[in-house]
Amino acid sequence: MSKNSVVLEVEKLNLYINDHHILKDIDIAFYKNKVTAIMGPSGCGKTTLIRSVNRLNDLIPGLKSTGSLSLNQQNLLELNPIQVRREVGMVFQRPNPFPTMSIYENVLAGYYLNGIKLSKDDKERIVTESLQQAALFDEVKDNIHRKGTFLSGGQQQRLCIARALAMNPKILLLDEPTSALDPKSTASIEQLIIELKSKVTIIMVTHNIGQASRVSDFTAFLYLGELVEYGPTQTLFTNPKHTKTEEYLTRKFG
Amino acid sequence: MIYDASIRYRLLKDRLFKISLGVLSCILLMPLLFILYYIFINGITAFSFDFFLELPKPVGEAGGGISNAIVGTLLLIAVASTISIPFGVLIGLYLSENKTGKLPDITRLCIDTLQGIPSIVMGIIAYTWIVIPLGSFSLFSGAFALSLMMIPLISKSTEETLNLIPDALKEAAYALGAPYHTTLLRVIIPSGKSGLCSGILLGVARVSGETAPLLFTAFGNPFMSVDLFKSVNSLPLLIFNYATSPYQDWQNLAWGASLLLVLFVLSLSLIAKVVSKR
Chain A
1 MSKNSVVLEV
11 EKLNLYINDH
21 HILKDIDIAF
31 YKNKVTAIMG
41 PSGCGKTTLI
51 RSVNRLNDLI
61 PGLKSTGSLS
71 LNQQNLLELN
81 PIQVRREVGM
91 VFQRPNPFPT
101 MSIYENVLAG
111 YYLNGIKLSK
121 DDKERIVTES
131 LQQAALFDEV
141 KDNIHRKGTF
151 LSGGQQQRLC
161 IARALAMNPK
171 ILLLDEPTSA
181 LDPKSTASIE
191 QLIIELKSKV
201 TIIMVTHNIG
211 QASRVSDFTA
221 FLYLGELVEY
231 GPTQTLFTNP
241 KHTKTEEYLT
251 RKFG
Chain B
1 MIYDASIRYR
11 LLKDRLFKIS
21 LGVLSCILLM
31 PLLFILYYIF
41 INGITAFSFD
51 FFLELPKPVG
61 EAGGGISNAI
71 VGTLLLIAVA
81 STISIPFGVL
91 IGLYLSENKT
101 GKLPDITRLC
111 IDTLQGIPSI
121 VMGIIAYTWI
131 VIPLGSFSLF
141 SGAFALSLMM
151 IPLISKSTEE
161 TLNLIPDALK
171 EAAYALGAPY
181 HTTLLRVIIP
191 SGKSGLCSGI
201 LLGVARVSGE
211 TAPLLFTAFG
221 NPFMSVDLFK
231 SVNSLPLLIF
241 NYATSPYQDW
251 QNLAWGASLL
261 LVLFVLSLSL
271 IAKVVSKR
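Top line first, the protein sequences correspond to chains A and B.
1 is the number of the first residue of the first sequence in our numbering; add one for each residue after it.
1 is the number of the first residue of the second sequence in our numbering; add one for each residue after it.
It is worth saying that the hints were derived from the structure and are not from the lab.
Beta carbons are placed, not taken as given, at the ideal position from N, Cα and C, and that holds for glycine.
Take every hint as true, because none was put in to throw you off.
Covered by chain B, according to a simulated footprint, are these stretches of chain A (three or more residues, beta-carbon under 8 Å):
hint: 1; region: 53-59
hint: 2; region: 88-95
hint: 3; region: 110-116
hint: 4; region: 150-164
Given only the sequences and the hints, what does the whole structure look like? Please build it.
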C-alpha cells in the first residue's frame, strides 16, 4: 500500500445526531486515483460517512462531529461547507438533474449556481469534455439544449456525473449510484467508474457486493457505525480477517 | 344459481346508485349553467366598441361605456399584485423551508386567520390605515385591501407547490457548492414556477370580483382616473352601483360589466389550469 498516495485521511471521526452515536472512531485513508467501495448492511453509517466528506450532513439538525478529515492538509470539518463541496463532487442514488435546465445548462450548473462567469469557448469546452468523460457526449450531442429530464435513467445519472466532473473535483462521491437503474445502465455506469479513476479519486457506497468486487480497488466494511475491515478489495474478498466481514460477504446477514 | 336473485338485486342497486350520482351532479351543474346563460344573454347586448372605449354617459343619454371601470380594475389588480406577490411568495418560501418551529407555526396561524377575515373588514382596515390618514379615497387603498386578501392565497399555494419539489434537487445544488440563497432562487423557485404562476393567477381571479373591500377605499369614480391617490372605478363597484339604479341604460351596462367580469375570471382560471399542467 506504500506506493499509493493518500488524498483524504480520516482520523478519529465520530458523529452524533442528538444522542445517537452514528459513526464510531473511524480511521480510514482514501488513495489517489483509486476506487474505494464502502459496504455494509442498511443503517451502518455508509451514507453518513461519505456525506461527512462533502459536509452534506450539516443539513441534519442536531448533528455533531469530531475528529478530522484532511484533504490537502486541511481539515474539511473546519472549512466552510461551500469551499469543501467545490473540491468534492457527489452523485446520488436517484438521478437528480435540474428539471428547469437543459443538458448543457445542467453540466454548467456548478458554475452558474456559484456565480462564476465563463466565456462561451470555456463553456463549450467544459460541456464537451465533461460529457465525454461521462461517456454521454455521443448520445446527446444533437440534443444538448433539450431538457435533461427527457433522458433515460442511466443517461440522467451519467449527466449527473458530468455535472459533478465539470467542477474538476479532487474526490467524487457516489452514493449507491446504480441502485435506481436497470442492469444495462448499471453495467455502463460501472464501466465508467473504472475509466474515471485515472482523473479523480472515487469513493462509492454500494449495497451490491458484486459491484464492489467488480469496480473497486479498496473496500471498507462498516458495521453498526464501526469500520470493521479495510483493505485491497481482492484481499478483503478472498481472505477476510474478521468473521463479520466473511458473514456479510457470504450473505449470512445484511 | 341459488345466489342469482340476490346478485341481480345488488347489480340493480349498483346501477341505481350510479344513476343517482349522475343525476345529482347534473342538478348541481344546472344553476351554474343557468347563471352563465342568463348573464350571457343579458350582457352580450351591451357589448359594443363604445362599451369598451367610452366613459359612462349621464342618465338619459344613450350609449356610453365602462372604459374607466375596465382600466380601474386592471390597475387595482396590477397594484395589488405588485404588493402581494413578493410578500406571498416569500412567506410561502419561508414556510416550505421551515416546516417546524415557533415562528413558522405562528406565521401559518396568522395566514389562516388572515384568509378567514371577511373581505369587508379588509376594506375597513384599508380605510382606517390609508384613506383617513391620506384624506381621500384612492386606487392605492383599494389595491392594499385586495392585496391583504391575496397574500394568504399566494403564500399558501406557494408553500404547497414548493413542498412538492423533491429534496434531491436541493441536495444536488448543495453538493455543487451552491449557497443557500442561490439554491432557492435558481433551483427551487424555477422548479416550482408553473405552480407559483397558477397560484398567483387564481389569487388574481379570486379578488378581481371583490366589491366589499373597494366600497370605501377605491370608492368608484364616473371619470377615467389612473392616479394612484385618487378614487377609481372598478367593474364590481360599477355593477353594484348601476344594477341598483332605476335606469334601464345603467342596468344594461351592469349586465355587460358582469359578463366581462365573468369572462375575465373564467379565462384566468383556465389559464391557471393550463399553466399548472406544464
